[in-house]
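The listed protein sequences derive, respectively, from chains G and A.
Using my numbering, you'd call the opening residue of the first sequence number 1 and step up by one each time.
Using my numbering, you'd call the opening residue of the second sequence number 1 and step up by one each time.
For the record, the hints were derived by calculation from the structure and aren't laboratory data.
Please note that the accuracy of each hint is not assured.
[Said to hold, decoys possible] Selected chain G positions facing chain A (Cβ under 7 Å, derived; list incomplete): (1) Pro23; (2) Asp43; (3) Pro44; (4) Phe46; (5) Leu50; (6) Asn181; (7) Arg185; (8) Val260; (9) Gly287; (10) Asp301; (11) Gly302; (12) Ile355.
Please read these numbers as outputs of a predicted model, since none were measured by experiment.
Just so it is clear, CB atoms sit at the ideal spot from N, CA and C, and this is done for glycine as well.
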Amino acid sequence: MSDVKLSDVSGPYFGQYGGRFVPEALIAALEELDTEFRKAADDPQFAAELQRLHREYTGRPSPLTEVPRFAAHAGGEQGGVRVFLKREDLNHTGSHKINNVLGQALLVKRMGKKRLIAETGAGQHGVATATAAALMDLECVIYMGEEDTRRQALNVARMRLLGAEVVPVKIGSRTLKDAINEALRDWVANVETTHYLLGTVTGPHPFPEMVRQFHRIIGEEAREQMLERTGRLPDVVAACVGGGSNALGIFNAFLDEKSVELRGFEAGGEGIESGRHAARFSGGALGVLHGARSYLLQDDDGQTLPSHSVSAGLDYPSVGPAHAWLHDLGRATYEPVTDDEAMEAFRLLCRTEGIIPAIESAHALAGALRIGQAAAAEGRTGPDGQPLLLLVNLSGRGDKDVATAARWFGLLDGADNVAAEELERQEGRG
Amino acid sequence: MSTLTEPATGPHTGSRSADLITRLREQENRAALVGYLPVGYPTVDRSIEALKTLVDHGVDLIELGIPYTDPVLDGPVIQAAAQGALDAGARVRDVFRVVRELNDYAPHVPVLVMTYWNPVLKYGPDAFARDLAAAGGAGLITPDLIPDEGADWIEASERHGLDRVFLVAPSSTPERLRLTAGQSRGFVYAASLMGVTGVRNEVGSRAEQLVADTRAAGAPNVCVGLGVATGAQAAEVGRFADGVIVGSALVRPLLSDGPLPDDEWAVRLTNLAEVTEDLAAGVRSARASAPADTPAGAKTTSGEAL
Ligand SMILES: Cc1ncc(COP(=O)(O)O)c(C=O)c1O
Chain G
1 MSDVKLSDVS GPYFGQYGGR FVPEALIAAL EELDTEFRKA ADDPQFAAEL QRLHREYTGR
61 PSPLTEVPRF AAHAGGEQGG VRVFLKREDL NHTGSHKINN VLGQALLVKR MGKKRLIAET
121 GAGQHGVATA TAAALMDLEC VIYMGEEDTR RQALNVARMR LLGAEVVPVK IGSRTLKDAI
181 NEALRDWVAN VETTHYLLGT VTGPHPFPEM VRQFHRIIGE EAREQMLERT GRLPDVVAAC
241 VGGGSNALGI FNAFLDEKSV ELRGFEAGGE GIESGRHAAR FSGGALGVLH GARSYLLQDD
301 DGQTLPSHSV SAGLDYPSVG PAHAWLHDLG RATYEPVTDD EAMEAFRLLC RTEGIIPAIE
361 SAHALAGALR IGQAAAAEGR TGPDGQPLLL LVNLSGRGDK DVATAARWFG LLDGADNVAA
421 EELERQEGRG
Chain A
1 MSTLTEPATG PHTGSRSADL ITRLREQENR AALVGYLPVG YPTVDRSIEA LKTLVDHGVD
61 LIELGIPYTD PVLDGPVIQA AAQGALDAGA RVRDVFRVVR ELNDYAPHVP VLVMTYWNPV
121 LKYGPDAFAR DLAAAGGAGL ITPDLIPDEG ADWIEASERH GLDRVFLVAP SSTPERLRLT
181 AGQSRGFVYA ASLMGVTGVR NEVGSRAEQL VADTRAAGAP NVCVGLGVAT GAQAAEVGRF
241 ADGVIVGSAL VRPLLSDGPL PDDEWAVRLT NLAEVTEDLA AGVRSARASA PADTPAGAKT
301 TSGEAL
């Protein structure tokens with residue numbers, strides 16, 4: 001263990017986290033997937049095909065953008081803090097999710113399965129999966145909590161345009177966790193013909209390791225781009241953490257670089273004390289959900305507690321086991337960002353840089369403001385008094401969030417606002 | 001894997017469910033009827049009434065569910081009951097009270113608790129085993145815990161003398177059947193089909209082969225569940241399995257959108273009794289018409305039991 005690099009640790013366990021807490025019926029399929037994944041990892045043809053798709057279809061490498069007008073608000077007025085965004089929002093389909101989806105879809109082709117199912121919260125993973133299904137001629141069913149189909153209606157339409165069937169899930173809290181339950185039930189029944197294209201670094205082994213593998217390109221590109229642009233590694237890397245795939249993807253390239261501080265930002269919702277949040281590391285404890293042992297929001301009986309966030313993509317009561325492990329190791333730290341803070345950062349990036357981020361990603365931006373402001377207050381700099389270099393994963397774009405933002409900031413007038421308030425009242429019940 | 005367990009054989013294995021299944025096989029030449037209901041639906045007290053109804057009308061072994069927020073191996077009927085029980089305030093600790101009351105009521109009926117893993121993990125596997133054993137429970141059925149992840153539970157159940165029922169499925173490889181058979185205690189739960197719990201028109205066609213394969217892998221007792229709903233299906237499964245497990249078909253008569261007045265609840269219990277009797281007749285008729293393939297000395301009951 002001691003000489004394995006942190007970035008290469010493989011499943012099924014990350015420290016005491018991870019594993020395979022699923023019905024026996026799924027074990028054979030997980031074994032098959034694991035075998036195929038490892039075979040593909042050794043196959044240069046697989047790598048070449050994935051690379052081609054990244055370049056010609058997704059538009060990788062995604063750019064690195066320095067954002068000085070935003071940085072001015074992050075303690076950088078005097079140039080003491082420089083902020084760089086890794087632009088996963090510019091990928092085809094609008095988020096980092098496509099990296100993992102294309103990787104898994106190629107595996108599905110190799111396994112000869114014809115049907116994809118997936119869960120989605122914000123809809124970004126569902127859109128990416130529906131996209132890959134269209135591209136590779138696979139049948140596609142997306143499970144989405146009814147609550148989320150309402151707040152991300154635009155993405156529901158996108159998935160349907162792409163030919164996917166979208167199934168609103170009407171049981172439980174009607175959000176991401178319930179969509180995963182329904183997808184698992186479908187998978188148990190149809191596992192022989194169907195692949196469950198899980199969208200983040202959670203779930204039973206090999207998903208946490210495999211999804212990390214397909215996203216590590218984010219960090220690898222960003223590392224090269226930072227070196228090229230600034231001549232050195234960033235001092236701090238910040239990312240939002242739902243299940244944790246975009247964060248692990250960008251962290252991974254820096255895990256074994258002791259000088260680089262890794263900061264994850266989870267959904268603080270209406271505040272930890274309100275109980276309405278998705279801050280697993282502040283309000284959670286060891287538990288098992290959806291196949292993995294990790295930090296979990298749960299009550300005294302081990303019942304899953306409903307999570308809350310203005311961003312559907314962070315609204316999940318557990319977190320990838322690798323993050324639980326990095327947290328316990330002290331290699332990465334995790335803090336909540338409230339809805340209010342995230343929406344302020346959202347607006348700030350729109351106004352200062354002309355970039356509309358996903359609300360999920362806005363949590364990382366709020367984290368960057370916090371880090372930069374604290375650095376300025378403490379007089380913290382990079383090495384030898386150089387500016388502090390802050391790398392932020394901009395995991396997605398905000399097109400899907402325009403309706404939510406318009407309501408939040410009261411940008412609609414008259415009749416529109418009445419309709420919006422009615423919608424909000426209905427959503428408030430969750 | 002741990003080498004803690006030997007496959008149970010013969011009578012008086014120390015496993016209450018294995019002893020019962022063995023006795024029914026040897027003395028009555030029939031499969032056990034295993035009936036599932038969740039604790040606390042529609043209330044804890046009424047769930048006890050419903051469970052007693054199962055016992056009174058022919059269930060041999062109780063599978064007592066702990067309601068859980070994320071039951072990934074359950075279909076809509078059991079999901080609805082679990083949600084209803086949680087909404088009505090059911091707690092994990094209620095299970096011990098219900099087990100105790102059932103034991104007082106029918107000491108000869110073993111009670112196995114069916115639970116997803118997280119509630120036990122939260123309670124503490126050893127503390128849970130201790131309290132379940134103290135209440136007179138027979139063991140656990142764990143739908144989302146495979147033996148590979150079950151070291152804590154295997155140790156706790158050994159220490160407290162409880163059964164460990166793991167599942168096998170039509171997709172299980174021979175290697176996994178051997179592992180699961182070796183680590184189970186009491187019986188192995190064979191899923192009749194690839195899917196979740198629910199009422200279906202037919203029992204999975206792969207069930208019989210799976211039972212044979214699981215026995216060949218070393219399991220002395222194999223019970224079949226998922227999708228069994230009627231006496232005819234129970235008879236079909238009871239022909240080749242050591243036990244027939246029924247869930248959704250027993251929960252369904254109890255489902256309602258809101259609280260029921262006493263008289264309507266009484267009607268539900270009557271319906272439940274009818275469904276139970278049909279199933280009980282099924283397991284008793286299963287092998288009656290087949291050529292007598294019974295151990296020497298054992299008499300077939302030729303259906304006259306009902
Ligand atoms: C843009 C964006 N960022 C982040 C997330 C959160 O997922 P993860 O933590 O796996 O990156 C989502 C999920 O839907 C998303 O759409």
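List, from low to high, the hint numbers that the structure doesn't satisfy.
Failing hints, ascending: 2, 3, 4, 5, 8, 12.
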